[in-house]
Amino acid sequence: MEDAFPEPGPLRILIAEDSDTDRLILSKLIERQGHQPIGAADGDEAVALFCKHNPHIVLLDLVMPRMDGMEAARQIKMLAGESLVPVIFLTSMSDPDTLAQCLESGGDDFLSKPYNRVILEAKINAFNRMRLMHRTLSQQRDLIRSRNRMLLQEQEVAKRVFDNVAHTGCLNADNLRYHASPLSIFNGDVLFACRRPSGGMHIFVGDFTGHGLPAAIGAMPVAEIFYGMTSKGFSCEDVLREINQKLKRILPTGMFCCAAFIQADFHTSQLRVWNGGLPDGYLIRGDGSRDILPSRHLPLGVLSPERFSVDADVIPTEPGNVLLVATDGILEAENAHGEMFGEERLLATLDSVQEPAAVFDAVMGAIRQFSWDQGAQDDLTVFALEMNESDKAAEMSAGLTLSAAAGATQWVCDYELSDQTLGQFNPLPLLLHICMEVPGLRLRSGEVYTLLSELYTNALEHGILKLPSEWKDSPEGFGRYYAERERRLARIQGHSIRFTLRHSPTHDGGRLFIECRDSGEGFDYQSVLQHHHDRQCRYAGRGLILLQQLSHSLAFHGAGNRVEVVYDWNLT
Amino acid sequence: MTDRLHLDEEALAELKEVMEDEFGILIETYLSDSADRISALQQALDAGNDESFAKSAHSFKGSSVNIGAPQLGALCLEAELAGRAGRLDEAGVMLERIVLEFQTVRALFQQLLNP
Chain A
1 MEDAFPEPGP LRILIAEDSD TDRLILSKLI ERQGHQPIGA ADGDEAVALF
51 CKHNPHIVLL DLVMPRMDGM EAARQIKMLA GESLVPVIFL TSMSDPDTLA
101 QCLESGGDDF LSKPYNRVIL EAKINAFNRM RLMHRTLSQQ RDLIRSRNRM
151 LLQEQEVAKR VFDNVAHTGC LNADNLRYHA SPLSIFNGDV LFACRRPSGG
201 MHIFVGDFTG HGLPAAIGAM PVAEIFYGMT SKGFSCEDVL REINQKLKRI
251 LPTGMFCCAA FIQADFHTSQ LRVWNGGLPD GYLIRGDGSR DILPSRHLPL
301 GVLSPERFSV DADVIPTEPG NVLLVATDGI LEAENAHGEM FGEERLLATL
351 DSVQEPAAVF DAVMGAIRQF SWDQGAQDDL TVFALEMNES DKAAEMSAGL
401 TLSAAAGATQ WVCDYELSDQ TLGQFNPLPL LLHICMEVPG LRLRSGEVYT
451 LLSELYTNAL EHGILKLPSE WKDSPEGFGR YYAERERRLA RIQGHSIRFT
501 LRHSPTHDGG RLFIECRDSG EGFDYQSVLQ HHHDRQCRYA GRGLILLQQL
551 SHSLAFHGAG NRVEVVYDWN LT
Chain B
1001 MTDRLHLDEE ALAELKEVME DEFGILIETY LSDSADRISA LQQALDAGND
1051 ESFAKSAHSF KGSSVNIGAP QLGALCLEAE LAGRAGRLDE AGVMLERIVL
1101 EFQTVRALFQ QLLNP
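Which chain is which? The protein sequence lines are A and B, in order.
Counting in our numbering, the first sequence runs from 1 upward without gaps.
Counting in our numbering, the second sequence runs from 1001 upward without gaps.
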C-alpha cells in the first residue's frame, strides 16, 4: 500500500516536553532512529511549531506550563483536519481517568517514563504505518471521488452531444405518446421519430446491449443515419440496411441493438413494421382486436449486409388505430418482491382497454402501480402511435437546417434508371436532393417529394409492373400486391424510367417542371381521371388527385406513359 | 522507598550510549534543570500552592527517572502525591529530603563526569 504513494525522507517528529533533560534524551533517541526531532518547551510552542513544520507524528508531555498537553492535542488535531497526525502522550501518570481524558482530547496512545527506546521505536513505526495507510486510503478516496465526478461530467457532456445529434425529432407530434428516461441513453435505450418528406413518419426504438457510455456510443451513428436518411426521403428498408451495416462494422462482437423500425403512412393508413429482437408490438384496432407484431429478425449489428433482411410486416390500418411498441423493460419491470410485470399482465392490461387511444395511459399506469418504483421505469422505453395525421404546422422535422447560401436556380437534369436498378435502388432521395439545391425550395420538400414519389410509384408499379391497384382494397389483396411486386421486380427486363427535371426562377420563387416517362404500355388515364371520386379505386385515384392539387398543371401524353407536372412555388 | 539506588548504573550506561558526545551536556542540563525545580518547589511551598507544588514534583520526578536517579524520582512521587492530596504540612519535610538526595546525586554525577 505504501508503495502507491511513496513518501521520501525521514519523519519529522514534534516533541513537546517542558523538561530540558527529557527533551534532550527524546530528541537524541529519535535522531538515532533516523528521524528529525523538533523540540518545543510548552503547549503554545508545540502548536506554533506544528503549524510551521507540519510534523508527521507528535509526542506531547501531559503536564506543561502555559498550555498543557490535552489542550495542545485538541488544537493540533483540529489543525491537522482530515490527515492523520498521531499524537502520543508522554506521561508517568497511571491514573485511569487521566489516561482516558488524554485519549478523549485527541491522543492516540501513551509512552511512559522512563523512556524505553525499543518501545519508542516500535510505537513510532506502528503509528507511521497507520498514518501511511490512512493517507493512502484518503488519497484513493479522493481519486475515486474525482474520477467519479469526472465520469459524471463526461456523461453530462456526452448526453448533451447526444441530445444535439438525436434531438427530439418529431417525438412531440400530437399523434405520438412516449415514455423514455431522460438519461435513457446510458441504459442503452434510444427512441427517435422523424417525419418523412412525403408526410409520413419513421420511428426507431432500440435497446443496445450493455449500459453506460459503450451503449451510448453505438446510438450516435444510428441517430445520424436515421434522421439524415429519413429527412432525405429514404424508405424504412434503406435506412434499416444502412443502420445494420454501420452497427455491424463498429460494434464489437457480442454487442448489438434490439430494435423496431416503423414507417407510418397516414394517407394510406398503412404501417410497415420491422421488429428485430424487441418484445411483441401490438396494433390495437377500434373494435378491440389487436394484431401482434413479433420479432422476425435478429437484432441490428449481428448479420452481415448480405444476410440481413429488411422484410417488414405491411399492415393496413384504420384511422384511430394505435401501435404500441416497447423495449423489454416493459416485461422486466420488477415489483418490491422481485416479480416481473411479464407478458400476462401486459396482455390483461391491453384487454382492459376500451378505446385504442387509452392504451398508453393504461399500460404506463399498470406498470407504475405494479412496480411503485421509479427505477423500473428508468429502464423502460415505450411509445404509442395513433394512426392519424398530426398537426401540419409541425410538418418540418426539428433539426432540418435550412441552407442560406445561394444555390442552383436554373438547371435541367435528366435521369434514367433501367432494369435491375429499378428493383434495387430508390431514386427518390437523389432526385429530391437535386431539387433541394434550389434555395427556398427546401421549405416545400414535402410537396416536391410527394410529386416525385407519386410519379415514380405510378410509373413503376402500374406502368411497368402492371399491378392492379384494386388489390390493395382488401387485406388479402394487400399482401398479394406486395408479394407480386417483389416477384415482378426481380424479373424486370428491358424497362426503364426516365425523369427530366427543369427549374427556372421567378421573381419570388420558381417553377419546377417534372416529366416522368416509363417504358410501359401506358394506361387509360381518361377513365381514371373521370372516376377518381369512385371509392373503388381510391389508391390510384388518390395519387392523381394529389398530383392535381399540388401542381399548377398535370398532363398525360402518349399512351399515358409520359406525365408532365408543372409545380409553381414562391417564398410567401 | 528509601532503599533505592542513588544512581542506576545500568540506565546510565544506556544513556551514555544513546547520547554519545552529548552525555556531559545532558547531565549538566539535568543538574541546572533540577536546581530550578527545587526553587520552584520551595516557592510553591512558601505560597501554600499545593497544585503548583504537585506539578513541579511531577516534572522533577519524570526527568529524575529518565536520567537514572530512581531514589530522587521516588521522593518526588511522594511529594507529588502529598501536593495533590493537599497535605502541604508534610511537604516541608519531603522537600528537605529531596534537596538532600539531590546533593548526593549531584556529587555522584560530578564524580562521574570528572573522575
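Calculated directly from the structure, the hints in this document are not laboratory data.
For glycine and all other residues, C-beta sits at the position ideal for the given N, C-alpha and C.
Careful, some of the hints might be misleading.
Listed next, the in silico DSS-like pairs over lysine-lysine satisfying Cα-Cα at most 27 Å (straight line) [claimed, not checked]: (1) K246(A) / K159(A); (2) K1016(B) / K113(A); (3) K28(A) / K1016(B); (4) K52(A) / K77(A); (5) K1016(B) / K123(A); (6) K28(A) / K52(A); (7) K232(A) / K246(A).
Pairwise CB distance ranges, derived in the manner of DEER restraints [said to hold, decoys possible]: (8) N116(A) / G1024(B): 19 to 25 Å; (9) Q36(A) / E1014(B): 46 to 52 Å; (10) G1024(B) / V118(A): 21 to 27 Å.
Evaluation of the provided hints:
no.: 1; hint: K246(A) / K159(A); result: holds (21 Å)
no.: 2; hint: K1016(B) / K113(A); result: holds (18 Å)
no.: 3; hint: K28(A) / K1016(B); result: holds (11 Å)
no.: 4; hint: K52(A) / K77(A); result: holds (15 Å)
no.: 5; hint: K1016(B) / K123(A); result: holds (23 Å)
no.: 6; hint: K28(A) / K52(A); result: holds (21 Å)
no.: 7; hint: K232(A) / K246(A); result: holds (18 Å)
no.: 8; hint: N116(A) / G1024(B): 19 to 25 Å; result: holds (23 Å)
no.: 9; hint: Q36(A) / E1014(B): 46 to 52 Å; result: violated (23 Å)
no.: 10; hint: G1024(B) / V118(A): 21 to 27 Å; result: holds (25 Å)
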